[in-house]
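Could you put together the complete structure from these sequences and hints?
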Amino acid sequence: MEFGYTIWIALIPFLAFLITGLAGHRMKPMVSGLIGTVGIGIATLLSYVAAHQYFFGVGKVDGVYQKIIGYKMEWLRFSETLAIDMGVLLDPISVMMLVVITTVSLMVHIYSLGYMAGEKGFARFYAFLGLFSFSMLGLVVATNIFQMYIFWELVGVSSYLLIGFYYNKPSAVAASKKAFIVTRFADFGFLVGILLLSYITGTFDFVLLTDPEGAAITQGSGIAFMGLSVMTWSLILVFMGGAGKSAMFPLHIWLPDAMEGPTPVSALIHAATMVVAGVFLVARLFPVFALSAPAGLEIVAIMGAFTSLFAAVIACTQNDIKRILAYSTMSQIGYMMLALGVSGYGGADGLGYMASMFHLFTHAMFKALLFLGAGAIIHAVHSNFISDMGGLRKYMPVTHITFLIACLAIAGIPPFAGFFSKDEILVAAYQNHMLYFLVEYIVAGLTAFYMFRLYYGVFWGKEKTYEHAPHEAPASMTIPLIILAIGSATTGFIPFQKLVTSDGMAFDIHFHWNIALPSIGIAIAGILLATAFYRKGSDMPDKIAAGLGGLYRAAYRKFYIDEVYQFITKKIIFNLISRPIAWFDRQIVDGSMNGIAYITNMVSAGMKDLQSGQLQQYAFVLVSGVLILVLSLVYLMNN
Amino acid sequence: MDLLTLLIIIPVLTIIGLVFCKDHKQVKIVAATGMSVQLLQCIYVVIAYLMERKAGNKAEMLFQKNYMWFDSLNIQYSIGVDGISVALILLTGIVIFTGIFASWNVTHLAKEFFISLILLSSGVFGFFISLDLFTMFLFYEIAVIPMYLLIGIWGSGPKEYSAMKLTLMLMGGSALLLVGLLGIYFHSSAGGSPLTFNILEIAKVSIPIEMQRFLFPCTFIGFGVLGALFPFHTWSPDGHASAPTAVSMLHAGVLMKLGGYGCFRIAMYLMPEAAHEMAWIFILLTGISVIYGALGAIMQKDLKYINAYSSVSHCGLVLFALLMMNETAFNGAILQMVSHGLMCALFFALIGMIYGRTKTRMINEMQGIMKVMPFLSVCYVIGGLASLGLPGLSGFVAEMTIFVGAFQHPDMFHRIATVIAIASIVVTAVYILRMVGRMFMGPLDNEQFQGLTDAVWHEKIATVALVVAIAGMGMAPLWLSDMIGNSLGPIMDQFSMLAP
Chain A
1 MEFGYTIWIA
11 LIPFLAFLIT
21 GLAGHRMKPM
31 VSGLIGTVGI
41 GIATLLSYVA
51 AHQYFFGVGK
61 VDGVYQKIIG
71 YKMEWLRFSE
81 TLAIDMGVLL
91 DPISVMMLVV
101 ITTVSLMVHI
111 YSLGYMAGEK
121 GFARFYAFLG
131 LFSFSMLGLV
141 VATNIFQMYI
151 FWELVGVSSY
161 LLIGFYYNKP
171 SAVAASKKAF
181 IVTRFADFGF
191 LVGILLLSYI
201 TGTFDFVLLT
211 DPEGAAITQG
221 SGIAFMGLSV
231 MTWSLILVFM
241 GGAGKSAMFP
251 LHIWLPDAME
261 GPTPVSALIH
271 AATMVVAGVF
281 LVARLFPVFA
291 LSAPAGLEIV
301 AIMGAFTSLF
311 AAVIACTQND
321 IKRILAYSTM
331 SQIGYMMLAL
341 GVSGYGGADG
351 LGYMASMFHL
361 FTHAMFKALL
371 FLGAGAIIHA
381 VHSNFISDMG
391 GLRKYMPVTH
401 ITFLIACLAI
411 AGIPPFAGFF
421 SKDEILVAAY
431 QNHMLYFLVE
441 YIVAGLTAFY
451 MFRLYYGVFW
461 GKEKTYEHAP
471 HEAPASMTIP
481 LIILAIGSAT
491 TGFIPFQKLV
501 TSDGMAFDIH
511 FHWNIALPSI
521 GIAIAGILLA
531 TAFYRKGSDM
541 PDKIAAGLGG
551 LYRAAYRKFY
561 IDEVYQFITK
571 KIIFNLISRP
581 IAWFDRQIVD
591 GSMNGIAYIT
601 NMVSAGMKDL
611 QSGQLQQYAF
621 VLVSGVLILV
631 LSLVYLMNN
Chain B
1 MDLLTLLIII
11 PVLTIIGLVF
21 CKDHKQVKIV
31 AATGMSVQLL
41 QCIYVVIAYL
51 MERKAGNKAE
61 MLFQKNYMWF
71 DSLNIQYSIG
81 VDGISVALIL
91 LTGIVIFTGI
101 FASWNVTHLA
111 KEFFISLILL
121 SSGVFGFFIS
131 LDLFTMFLFY
141 EIAVIPMYLL
151 IGIWGSGPKE
161 YSAMKLTLML
171 MGGSALLLVG
181 LLGIYFHSSA
191 GGSPLTFNIL
201 EIAKVSIPIE
211 MQRFLFPCTF
221 IGFGVLGALF
231 PFHTWSPDGH
241 ASAPTAVSML
251 HAGVLMKLGG
261 YGCFRIAMYL
271 MPEAAHEMAW
281 IFILLTGISV
291 IYGALGAIMQ
301 KDLKYINAYS
311 SVSHCGLVLF
321 ALLMMNETAF
331 NGAILQMVSH
341 GLMCALFFAL
351 IGMIYGRTKT
361 RMINEMQGIM
371 KVMPFLSVCY
381 VIGGLASLGL
391 PGLSGFVAEM
401 TIFVGAFQHP
411 DMFHRIATVI
421 AIASIVVTAV
431 YILRMVGRMF
441 MGPLDNEQFQ
451 GLTDAVWHEK
461 IATVALVVAI
471 AGMGMAPLWL
481 SDMIGNSLGP
491 IMDQFSMLAP
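Line by line, the protein sequences give chains A and B. Oh and the first sequence: position 78 is 78 in the working numbering, straight run, nothing missing. Oh and the second sequence: position 306 is 306 in the working numbering, straight run, nothing missing.
There could be a bad hint or two in this list.
Unchecked claim - Cross-link-like lysine-lysine pairs, in silico, PhoX-like; alpha carbons within 20 Å at most:
#1 Lys464(A) with Lys394(A)
#2 Lys570(A) with Lys371(B)
#3 Lys204(B) with Lys169(A)
Claimed, not checked - Covered by chain A, per the in silico footprint, the following chain B stretches (three or more residues, Cβ under 8 Å):
#4 122 to 130
#5 342 to 350
#6 402 to 410
#7 432 to 439
#8 481 to 491
Said to hold, decoys possible - Some chain A residues close to chain B (C-beta under 10 Å, calculated; not the full set):
#9 Ser79
#10 Ala174
#11 Tyr199
#12 Thr203
Please keep in mind that the hints were generated in silico from the structure rather than gathered at the bench. Note that beta-carbon positions come from the ideal geometry of N, C-alpha and C, so glycine has one too.
Pasting the structure below:
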C-alpha cells in the first residue's frame, strides 16, 4: 500500500512515549527531551510527505479527493457486522489535521526544551507529550467511530495527566480532575450516541457511514422519538461528546481551569489540537449530519454561536493572561462549530464546512503562537496576571513582534491568516441566517478588543517593577515563535476551497467586499478602543466596569456557571444521592442481613432453654403437660 | 496424568510440600515455586487449548475425562474446558501467583496461611474444570470454607464478625444452590436414562418449565450471592476490609467470578426458558448493583471499602451482561470477569502494600504519597484508569463489549437499563479520580510519611505481572475475545429457540 507508512506517523510518538516513560528516569533529562523531539520531528516529516502525496498526487481521482485506507487491522470483534478496526483513513480533513498536529506538536516539543528546562519530571513531561501526540494522531486518522472514541478517551487522559503535571499543587490536581470528569460526562453521551448510531446503521465504519449514497444515510433515519428521528438523536448525543471536548457551553467549565497545566501544554492541547476534536468529529460525520439530520446541525450552529459570544464577553473581563486566551479559544471554536452548523453539503453549498476547516487550521497557528508567547512572558515575569505586566516590548522584542502578529491574525486584519478564514465563516453565516451573522460580527469586534487589551496590557502600558529584569527567551523558545508567526502571517493564502471541501470537489469562492469591509472595520474599531483604553493606561475601563455594575461582575465571575456545577455535584449528587446510598447500604440492606442473624440468635437463645439438662424442669414440664391434657380432656367430656 | 487434573495436583503437591517445611523461608520458597509452576501450567493449558482448536477440534469441551466416584448417585469426576473456563483458569493462575508474592511478609502462622490460601485456589481450579454439578459444588465449598479461616485468623479489624458474616451469607447461598442443584439432578433424566449430574448431558434435556421457575432463582441467587448481587452483597465490604491482602485479591479477583460463572454455566445454560422469563427481575437487581455500587463508592473513605463497592458495581455488570442473553453480551461478561479479576487483584495488592507502609487506609489521612512511593502510585493510577474504562487497558474492552451487546435489545426497558449501566462509567471516573487525587497528589505534609520506601522486589513481581496482564488484555484483546466467542456457540443454541 502506498500510504502504509502513515501508520508510523502515530506510532513513532508512541514509541517515544514508551521509551521516555519506562526508562526516562534513568536518562539525563535532555536525552529524553531529544528523543521525544526527534520522534515527533520524523512524524512531522512523514505527515508532510503524506500531505504532499495526497493533495498533489494520488489523492485526487477524477477531480474528487478520495477516502483512502492507508492501513487497517482488526482489533476487537463484537459480532458479525460490528468490529473495531485500528487503521489510518486519509481524506482531506485527516491529512490536514496530521499536518496541524505534527507541526504544532513539534513546535511545542522544541519550545519545551527551553521552557521546561530544569523542571522536575522533565522526562515525564516528554513521555506525556508523546502519549498525547500519539492519541491525537490516532484520533484524526480513525477509520471508524469506535477507534475515534478510543483515541478520544486517550487524549482525554493525556490531557488529564498534563494538566495535573504539577501534582504538588492542589489547584492543578483539582483542575485535572475537573477536566477529566466533565469530558467523561460528555463522552457518556458520545458513547450512547455511537451505540445508537451503530444500532441504526449496523456499522462503525466511517467510509460506510458517510457515503452519501450509502445505506446509512439513505435509509438510516429510523423511527421518530419526541419529534426527532432516532438518527438525529444519536447525532445529537455524539455531538455532546464533541461539545465536551471542544468546551462548548455548558460543558466548557473545564477549559479555563485546564490552564493550570504547563503553558506549552495549553498551546498544544488546549488551543490547537485536542479542543478542536469536537469540530473534527462533526466534520467527520458531516455528510450524515447534513443529509439525514439537519436538526442536529441546527443545534451545532446554535451552540457554536452562543458559545462564541458568551466566551468573548468573559474574555474581555479576565485578568489572567492564560485564561483570556482560554476564553478566546472557546470563542474561536464557537466560530468553527457555527460554520459547520450553517453549512450545506456538496460544492459551493459546503462553504461553511470549508471555512470551518480553514479556520481550524489558521487558528491552530496563531493560537499556539499566542500561548507560546504567553509562556515566554510568564517565564520572564513569573506571573500570570496582566496587572503584573507592562512595558515588556523593550525587553522581549521577538516575543513582542510575534505576539503582535498573532493578535492581528486573530483580530482578522488582512493579510494575516485569521482574516481569510473568519471572512469565509462570516459569509457562510450571512448566507444562512442574519442572526448568526450579527452575533459573529459582534464577536469579531469583541475579539479584536480583548486581544489588544491583552497586547497593550502586557507590552505597553505602565512599566512594573520586576524582581529580575525580564529578558528575552532562549532560542529554543523563540524559534518556534518565529516559525508559527510565519505560519500565522501566510497560511491565509492557502486555497482551502480547492483542497478541503465537504464532498472532496473543488469550488470557487467569490470575495464579498460587502462583508469583508465591515468586518475589517469592526476589528479596527475594537483595536482602536483597546488602544485608547490600555496603551497608556486610562481610568475609563474601570469607570465603564463600574457603570455596568452587576453585568460586569457576572461576566467577571464567568456568569456563575462554576457555582452551578459545584452546587449540582457537591450538594445534590454527593449529599443527596451518594451519602444516602452509603447510609442505606450500611443501615438498611446490611442492617436487615444483620437483623436476620440477630433474630436467629434470639430464637436459638430462647430455644436452648428448653434443653437445660435439669431434671426438675423436665419433670415440671412433663407433669404440667399431662395436667393440661387431662384437664382439657375433662373439660371436653363435660361438654 | 491429564492436563486438567494437573491443575489440582500441583496445588495439592504444594500443600504437601508446605507441610514438611521447617521455617518461613522454606514456606515462601515452596509456595512461590508451586504457584509459579501452576501459572506455567495454566499458560500451557491455554496454549494447548488454542492449538487444539486451531487443529480443528470442534467439540464443545476439550480435554474431557470422566471417572466414576460415587456409582449409586451417578456422581462422576468429569472434567473438560472450553474457551470460557480456560480464560478464567488463566486469570486464577495469575492471581494466585501474584497473591503469593503479595503476602511475602506474612509471618504469623505462615505455613498455615499459605496452605489455606493454596487450598482455596485448588478449589477454584477444580470448580472451573468440572462438568459434573456435584463435583463442582464440592470444589465450590472447598474454595469458600478456607476463606473463613483466612479472614478469621489473619484478618484485621472486626475479623471474627466479618468472617462469620461472609461465611454465613455464602453458606446461605450454598443452601439455595444445593436445593437448585438437586432439583436439576432429579429432572435430568430424559426418557428413562439414568439421572445425571453431568452438565453436558443435562443441557440436552429440557427441564419442565414449572420446575425451572423454582430452580432458576435458587441457583441464580445462590451463585449471585457470591457474585455480589444486590441486595446480597453486604458481605463484600466488611469481608474485604478485614481480609488480609492476598485473601482480598483472591476473593475479589477470583472467587466472585465463581458466582458469575455458576450463574452462567448452570443457572442460565441449563434453564434457558426460565432465565428468559425472569431476566427482567434480575436485570433490575443487577442494574441497581451497577449504579448503586458506583454511587456508594463515592462517599467511602476507606480504600478497601471503595474497592469493595467498586467490585459490587463491576461484578453487577457481569451479571447484567449475562442477562442480556446475546453472544456479544455473554462475551463481554466473561471479559469483564477476567478484567475485573486482574484489576481487583492489583488494587488489593497495592492497598495491602500501601497500608503496610502508611498504617492507614483512610484516603483523607494520606496525601502526596506519590513523592515517596512513585512505583506503587503509578501502578495504582494504572489500575484506577483500567477501572474507569480507559482504552488500552482491560476494563475498556470488557465494558464496551457488554454495552454493544446490551444495546442490541431495541425495547425501552433494556435501553433504559443499559443507559443507566453506561452512566456508571461517569460515576466510576468520579470516585477513582477523587481517590487518586487525594492519596497520591498534592503536597506531602505528613512527617511520618517522609521516610517511607517504595516497592521491593517481591512487590514489584506481583504488581508488574498484573499491570502487564491488564495492559496486554487492553491492547490486544482479539485473541481472548475470539477464544471466548468461539465457545459460545453451544450456549447460544440453548437460547436461540427463545428469541422473540
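- Hint by hint, which ones does this structure get wrong, listed from lowest number up? Failing hints, ascending: 2, 3, 4, 5 and 12.
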